[in-house]
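Participant: Spelled out from the first residue to the last, the chains are:
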Amino acid sequence: MIQLVQVLLLGLMLGGVYALMASGLTLIFGVMRIVNIAHAAFILFAAYLAFWAFKIYHIDPMVSVLFTMPLMFFLGMGIYKLVFPRIGESRQFTSMTVLLTFSLALIVEGVMGFLYSGIYRSANPPYTTRALLLGPFYLPAAQLYATLLSLILLGVLFLFLRFTRTGRAIRATMQNRTAAQIVGVDVERISTLAFGIGMALAGASGSLVSFLFTFFPAKHWQWIGTLLALIVLGGMGSLSGSVVGAFLLAVVAAYLGHFYGPTWSPITFYLALFLILLIRPQGLFGKKLEA
Amino acid sequence: MLLAVENVTAGYGAGPNILEGVSIEVEQGKSYCIIGPNGAGKSTLLRTICGLLRPRSGRIIFKGEVLNGLRPDQILRRGICFVPQDRSLFPEMTVRENLLMAGYSLTNKRELEDRIQAVFEVFPALKERRSQPAQTLSGGEQQMLAMARALILKPDLVMLDEPSLGLAPMVAAQVFESIRRLKALGMTVLLVEQNARKGLECADWGYVLDLGRNRFQGPAHMLLRDPQIAELYLGRRMDTRRREQSRSPEQGVEGP
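Those protein sequence lines, which keep their order, are chains R and X.
In terms of our numbering, the first sequence opens at residue 31 and continues consecutively.
In terms of our numbering, the second sequence opens at residue 2 and continues consecutively.
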């Protein structure tokens with residue numbers, strides 16, 4: 031019994047980080063109908079920034095969100111302005127974005143391979159080897175801190191979307207783009223902003239990934255598969271859905287890993303993706319997508 | 002002249018022209034109804050006026066200013082409010098949030114709050130449901146919310162696209178009643194209606210479009226009595242007795 035709860039706790043502690051990673055992807059898809067295949071590549075890019083900031087300047091990776099977020103925010107807005115208006119008129123906009131961001135992922139991977147080589151990296155701040163004891167359970171400090179920071183950032187995101195004028199405009203654009211235009215939202219400006227915010231969330235995720243996992247430039251292909259599974263489970267474009275999806279799959283993966291060995295836990299995500307698309311393509315909380 | 006549409010052509014994407022040179026004129030304080038069969042370009046005309054579509058040629062002039070090429074938000078700020086066919090609400094937002102979004106271009110919070118209260122007085126049913134998500138409202142209430150949203154900005158011109166679409170006759174009657182209320186508040190209304198008879202009944206002037214061109218125009222009550230228009234555009238419920246009396250268009254109804 032204690033074992034089962036312990037595994038649950040471990041799963042939950044990864045869930046928060048998964049949720050943070052998925053939230054950026056969901057926001058970008060929800061507002062612009064862009065499937066950002068390069069999202070995990072940008073997470074890794076930020077992870078490298080955090081890693082080197084730790085290695086060279088001894089900046090704690092948790093603190094590095096203070097620069098990875100704004101940096102990725104502006105990088106994101108620049109990339110959006112540069113790349114997407116060109117295909118904005120296309121009828122197959124969403125499928126075009128898959129190809130476009132796929133090549134973007136290749137480019138980012140190439141840049142990372144060139145700059146940082148293919149060596150496996152992981153930042154090791156002191157708390158990566160510590161654990162907190164909670165009665166009979168142990169909580170690895172790194173995962174705990176990372177998930178707490180993720181939940182704080184997600185909370186700020188939810189408050190921003192719920193209670194500010196700009197946040198409301200972002201939600202409005204997610205729910206009905208034409209209607210948003212009709213009430214006077216400059217949807218292009220909102221899209222640029224939302225892309226920037228999505229990338230800032232990728233930046234924060236990168237800072238956390240830098241000490242939670244070992245990574246190398248091509249690692250993002252595995253991550254994007256995982257992330258797509260999370261957001262498809264939650265319902266594409268539903269933020270609360272992707273958070274629930276993240277926790278659910280993280281816990282299931284933790285149990286599978288515990289009972290059948292660690293090689294089984296990545297399978298969870300691909301299997302889930304396959305099953306969801308087969309049984310309930312709109313996800314748990316999503317509405318059926320219009321073409 | 003509040004609005005003048007001069008010989009406008011427009012279409013979607015790289016597709017053919019839906020509007021093949023349409024002209025209409027709208028005067029302050031009057032209400033207008035555009036009728037015509039499916040595919041006549043009625044909705045396209047409204048979408049072009051409010052900037053969701055760009056005219057390929059011709060001019061749209063509002064209060065003396067050419068609107069061609071402006072974005073929808075810019076046109077909105079100049080005083081044209083559009084309520085589209087699907088009502089375009091934000092389904093997961095509450096009634097209140099929908100009204101807040103309607104006032105998105107108002108930066109004064111107090112002013113916006115006052116206007117929301119004023120709109121609740123016009124539509125008390127909405128006040129009761131203000132914390133309910135828009136998608137849980139009935140069809141009639143949703144249409145009411147869409148119109149309430151248009152009222153928030155106190156626009157010079159309200160354009161309604163098929164407000165009675167998909168509503169039960171009783172509910173549709175309430176919607177037409179609301180349109181008369183907008184008129185009574187001094188608003189200029191440009192209405193597109195599939196239910197041509199009901200639409201014309203709450204308008205001063207009518208335009209008939211067909212295949213992207215102007216067909217007829219005239220005072221709404223004249224169009225209602227015109228046997229040729231009844232036969233072509235007002236559907237089966239036309240008055241047969243009157244058709245037998247006269248087969249030529251009545252005076253006051255001009256051809257294209």
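Calculated from the structure, these hints are not laboratory results.
Ideal placement from N, C-alpha and C gives every residue a C-beta, glycine not left out.
One or more of the hints may lead you astray.
Here are the simulated SDA-like cross-link-like pairs (lysine to any residue), alpha carbons at most 20 Å apart as the crow flies [stated by the list, open to error]:
#1 110/X with 125/R
#2 111/R with 183/X
#3 199/X with 183/X
#4 128/X with 196/R
#5 110/X with 190/R
#6 155/X with 57/X
#7 128/X with 197/R
#8 111/R with 93/R
#9 64/X with 195/R
#10 110/X with 189/R
#11 110/X with 111/R
Partner residues are not named here, just some residues of chain R that face chain X (Cβ under 10 Å, in silico) [as the list claims (entries may be wrong)]:
#12 198
#13 202
#14 307
Participant: State for each hint whether it applies.
Facilitator: Going down the list of hints, with the structure as the test:
{"no.": "1", "hint": "110/X with 125/R", "result": "violated, 40 Å"}
{"no.": "2", "hint": "111/R with 183/X", "result": "violated, 41 Å"}
{"no.": "3", "hint": "199/X with 183/X", "result": "holds, 16 Å"}
{"no.": "4", "hint": "128/X with 196/R", "result": "violated, 24 Å"}
{"no.": "5", "hint": "110/X with 190/R", "result": "holds, 17 Å"}
{"no.": "6", "hint": "155/X with 57/X", "result": "violated, 30 Å"}
{"no.": "7", "hint": "128/X with 197/R", "result": "violated, 24 Å"}
{"no.": "8", "hint": "111/R with 93/R", "result": "violated, 29 Å"}
{"no.": "9", "hint": "64/X with 195/R", "result": "violated, 30 Å"}
{"no.": "10", "hint": "110/X with 189/R", "result": "holds, 19 Å"}
{"no.": "11", "hint": "110/X with 111/R", "result": "violated, 31 Å"}
{"no.": "12", "hint": "198", "result": "holds, 6 Å"}
{"no.": "13", "hint": "202", "result": "holds, 5 Å"}
{"no.": "14", "hint": "307", "result": "violated, 24 Å"}
Going down the numbered hints, you'll see the structure goes against 1, 2, 4, 6, 7, 8, 9, 11, 14, while the others check out.
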